[in-house]
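Asks: The residues making up each chain are set out below.
There are 2 protein chains.
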Amino acid sequence: MGSVAMDSDYGVPRELSALQKARALYRPDLPPCLQGTTVKVEYGDAAIAADVAGAHVISHAFPHTYGQPLAHFLRKTAAVPDATVITEHPVVRVGVVFSGRQSPGGHNVIWGLHDAIKAHNANSKLIGFLGGYDLLGRTRDQIRTTEQVNAAMTACQALKLDALVIIGGVTSNTDAAQLAETFAESKCSTKVVGVPVTLNGDLKNQFVETTVGFDTICKVNSQLISNVCTDALSAEKYYYFVRLMGRKASHVALECALQSHPNMVILGEEVAASKLTIFDITKQICDAVQARAEKDKNHGVVLIPEGLVESIPELYALLQEIHGLHDKGVSVENISSHLSPWASALFEFLPPFIRKQIETEKLLAQLVEAEMNKRLKEGTYKGKKFNAICHFFGYQARGALPSKFDCDYAYVLGHVCYHILAAGLNGYMATVTNLRSPVNKWKCVHDDRKAMVTRTSCQSNWEACCSHGELLRQNSSSFLMEDIYRNPGPLQFEGPGGETKPISLCVEDRDYMGRIKQLQEYLEKVKSIVKPGCSQDVLKAALSAMASVTEMLTIMSSPSFSGQATI
Amino acid sequence: MGSVAMDSDYGVPRELSALQKARALYRPDLPPCLQGTTVKVEYGDAAIAADVAGAHVISHAFPHTYGQPLAHFLRKTAAVPDATVITEHPVVRVGVVFSGRQSPGGHNVIWGLHDAIKAHNANSKLIGFLGGYDLLGRTRDQIRTTEQVNAAMTACQALKLDALVIIGGVTSNTDAAQLAETFAESKCSTKVVGVPVTLNGDLKNQFVETTVGFDTICKVNSQLISNVCTDALSAEKYYYFVRLMGRKASHVALECALQSHPNMVILGEEVAASKLTIFDITKQICDAVQARAEKDKNHGVVLIPEGLVESIPELYALLQEIHGLHDKGVSVENISSHLSPWASALFEFLPPFIRKQIETEKLLAQLVEAEMNKRLKEGTYKGKKFNAICHFFGYQARGALPSKFDCDYAYVLGHVCYHILAAGLNGYMATVTNLRSPVNKWKCVHDDRKAMVTRTSCQSNWEACCSHGELLRQNSSSFLMEDIYRNPGPLQFEGPGGETKPISLCVEDRDYMGRIKQLQEYLEKVKSIVKPGCSQDVLKAALSAMASVTEMLTIMSSPSFSGQATI
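Listed in order, the protein sequences are those of chains A and B. Be aware that the first sequence starts at 1, since it is given in the UniProt record's numbering, and climbs by one per residue. Be aware that the second sequence starts at 1, since it is given in the UniProt record's numbering, and climbs by one per residue.
It should be emphasised that the hints constitute simulated quantities derived from the structure, not laboratory data. From a predicted model like this one, the values you see are computed outputs, not experimental measurements. Keep in mind that a hint or two might mislead.
When chains are identical, the list treats them as one kind, so a pair holds in a single copy or across two.
Here are the simulated SDA-like pairs of lysine to any residue, each with C-alpha atoms no more than 25 Å apart in a straight line [claimed, not checked]:
1. Lys21 <-> Pro496
2. Lys362 <-> His326
3. Lys275 <-> Glu348
4. Lys377 <-> Gln366
5. Lys283 <-> Glu551
6. Lys385 <-> Asn334
7. Lys328 <-> Asn123
8. Lys275 <-> Ala317
9. Lys527 <-> Ser544
10. Lys540 <-> Ala293
11. Lys374 <-> His326
12. Lys283 <-> Ile484
13. Lys385 <-> Val330
14. Lys283 <-> Lys385
So here's chain A without its partners, still in its complex pose (with noise of 0.2 Å):
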């Protein structure tokens, strides 16, 4: 199956674009931390999500080995001069799958992987599970059964492998520390690393600043939204409804909306807390239209994220209900009658089109169309006859080159991983902190808690993409009413434009193990200043101060606290 999306790279001579070619030739540097032969990795790096409740794990039950079609994609990569080549470190043998959607970038990790690895011991082997983007196809299974997980250990077991490093999202990663933790009760000596590599930008915490292809994803649809604020402008007569694809989390609507700063963008973060209706967002966009018009603006262009669906507990609930009918074989036109009372009358309000299945670009357009009609007719509304064109932003945009960034930041991750399965640990991801300095001021992070499960990055996500949201916030109504569109261009890889990353990324200080050791060196500094010696005044302020502080993190940090606190 893999080996059929394989023919086109490796069998089938193929023309490659200039940009291609120049792409293939792109070496991205390495952090200081993980340069020359001794490498430091300053605190060792983060574990993995370890969310056993609900947790899938690994996909693909038949591993293969990945043999010609790795070696001849190498051959192009391995550029390690042989000096470097060190044989003391030990032989190891590891495996890597990608899991789940696609994201560009993630063909990086296994390059810096096999640099590293090779560079320590060029006898270690790197051997490829087929199932994971067009390099190895894409999963399209997972396992669930206990009979799949230990198919993979079998497989992990037969091959010898020292390691598994497993390239995905929150639910890859999630699997994988499931699989770790099977693995480790079970005795298999195969330690399991992850790797945060999703469009989705939702696997965000305090140790993964943001994860790979979420850039790219970011440039190529921040492009197209501005062509279209563009058209907006220049057509004067359309309203654009474009859902990006990005999961659950409103990240890539965010992100995007930070860089072409269309009309309006919906976040599902918002929309949860503030617990609105459909009809509540339809009323708030065709009040933004009314307003608009009344400026002589007939134009205009609206964000909504994949999500949006499931933070409206009562569609979300109704999908639920649709797609339960339809596992069960029963029939569109046959719906409306085997839904629960509630279910069925919204389902019978929804435009026919919708009811096969639900867009929820499409939907709103269609029910902020029919309100503009009533408002139109009433009198209410003097504007042009609302127009809409709906657009769904994704497919386009996950298979794109990967950015500078992805590139850099993707092939360090890479590098992690052999210093995290070279160290023997089990169930870590490998992850790269500082991100918004350039390459050289990276940091490779290390906690040892295993801690630091989905429902915390979750909450985190949750806040990130809050006070991100304030950034949009400050400046909602002149985006709104002025139409100061921003066009950040089509994704560059020289020159201006070249170097930029995620303004979510770089507008916020997420460098927490930074501002954990500045902590540390607060107090140290208060541990020199107050001691035997020092005068009664300085104790007694200090203790003073000492006592408040405690107090009020002791008060924040309780479960009861209820306060938003910002990380």
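Mind docking chain B on chain A? Use the hints.
Replies: For chain B alone, kept in the frame of chain A given last:
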């Protein structure tokens, strides 16, 4: 109206991205023939299409002087050194208007025109008519009645315009030609100049090698198609049906196919030439899906030009009937009963959602799905369930930042406009040839004939499309079966890929005037060899050879000759 659109640029302060700033500073080069104070326009410029039958005249009856906004726009671009201002040239007053669909690069025509005008006399004036893109606002109406043409003439006379420059595609340039004739007949002294700016690329002929915007559109779309190809290869379960904006001709689809090597492209010109029905096309696609499934490939990418529907006679006729009924206020539900018998039969056959708005890609996807399900049931098809995802790429491309080539081309065309109007020519189109060579080899050609009517250029278009189609046909079976997708990557402004031009422009030697010149050189050579004093044998051979050449060319030039002569 247009002033609303300009607020964004000139009212509220707008944040520009790094790339926007860099592009705003980009200054195109001029070819040697346009440099310096004594401009040598080698042949002059080609005449505007003047097909009077069914021609429309230019849009917007109520011109507004551009004033401050244009001045603002020009401040940032008017970097012409004062030294080059030659006051001997007369003062000119020129109006400029955008017409039709937004197309990237159009603004650079104004910039080039302004630079040229001001370089020759600093007192000359460029006046923008509102209505056209986001700079001037796009035209929404066309002037069709005598009253409207007269209003345009009155405006030109009131503003004492020496010339009116109309920037647009086939329709706009046909309008321009019509307007030029009307102005001339009415002794209006305003000269009309056309500029070939359209994303559709359908204004190609011997003189117009390509249109401004075509390169950018094809680059943006090809990038997305390539991404979708990678996605298809990765997910291994979807067929993507991608419809491309580009009006009737298939130039955009063809260029994108040459750039990204999808599995199939349906060219409207070939469909029309082969008189294929919608069912023939469906069968072709189904057979391809089946053949691929037999090789274990359950994914693929199919390109469909926007104009395909017009190339399928029975579908086009149905559409015309539907539009006619729609204009008469017949509701969708009642349309079927008002259609002619055969149209009604076809309409009833269409899937319900298609009846509301015919989107060719969805129609084809639906028909292919129905046929594949039938074959699956019959057992003739044994692959996976057919799964299509539909896209329409257009709105997200035509507002793009223009490519380097489009910037250069448009700027040079702007200069050419000046030389046409300065020479007092009426009804001419600005053209530049030898575009596949670097800018310093570009030529500004001239042909005095007014014979280059739209019908001729449509014919050349068809031929150009077919001769390029040949390039695809050579590879069609490997494209279809082997997935040798090519990825031109995102549009680059610097580094590798920054200087690329459309493949369809470069593969063919379109330097028509250059080759005419070459022919004239051959004739001169023969003349110089065969003159009094040459041998009887030489004379005899020359006479015999030239007699057969003349006879052959006479036959080929006769109206009854049906062969497809390539230009």
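Asks: Would you mind marking each hint as holding or not holding in the structure?
Replies: A quick look at each hint next to the structure:
In the homo-oligomer, the alpha carbons of lysine 21 and proline 496 lie at most 25 Å apart both inside one protomer (21 Å) and across protomers (9 Å), since each shortest distance falls under that limit. In this homomeric assembly, lysine 362 and histidine 326 come within 25 Å of each other (Cα to Cα) both inside a single copy, at 21 Å, and across copies, at 22 Å. With identical chains, the CA atoms of lysine 275 and glutamate 348 are at most 25 Å apart within one copy only, with a shortest distance of 22 Å there and 44 Å across copies. Proximity of lysine 377 to glutamine 366 under the C-alpha cut-off of 25 Å is restricted to the intra-copy arrangement: shortest distance 17 Å within a copy versus 36 Å between copies.
In the homo-oligomer, the alpha carbons of lysine 283 and glutamate 551 never lie at most 25 Å apart, since the shortest distance is 45 Å inside one protomer and 76 Å across protomers. In this assembly of identical chains, lysine 385 and asparagine 334 lie within 25 Å of each other by CA distance solely across copies; the values are 23 Å between and 34 Å within a copy. Taking CA atoms no more than 25 Å apart as the test, lysine 328 paired with asparagine 123 passes in neither setting, with 53 Å inside one copy and 78 Å between copies. For the homomeric pair lysine 275 and alanine 317, the shortest alpha-carbon distance inside one copy (14 Å) is at most 25 Å, but the shortest distance between copies (50 Å) is not.
Proximity of lysine 527 and serine 544 under a CA criterion of 25 Å is satisfied intra-copy only: 15 Å inside one chain copy versus 110 Å between copies. Proximity of lysine 540 and alanine 293 under a CA criterion of 25 Å is satisfied in neither setting, with 65 Å inside one chain copy and 81 Å between copies. With identical chains, the CA atoms of lysine 374 and histidine 326 are at most 25 Å apart between copies only, with a shortest distance of 21 Å across copies and 34 Å within one. For the homomeric pair lysine 283 and isoleucine 484, the shortest alpha-carbon distance inside one copy (23 Å) is at most 25 Å, but the shortest distance between copies (48 Å) is not.
Taking identical chains as interchangeable, the C-alpha atoms of lysine 385 and valine 330 lie at most 25 Å apart only when they sit on different chains, with a minimum of 19 Å there against 38 Å within one chain. Taking the closest pair of Cα atoms, lysine 283 and lysine 385 come within 25 Å of each other only inside a single copy of the chain (17 Å); across copies the shortest separation is 40 Å, beyond that limit.
Of the hints listed earlier, those the structure fails to meet are numbers 5, 7, 10, in rising order.
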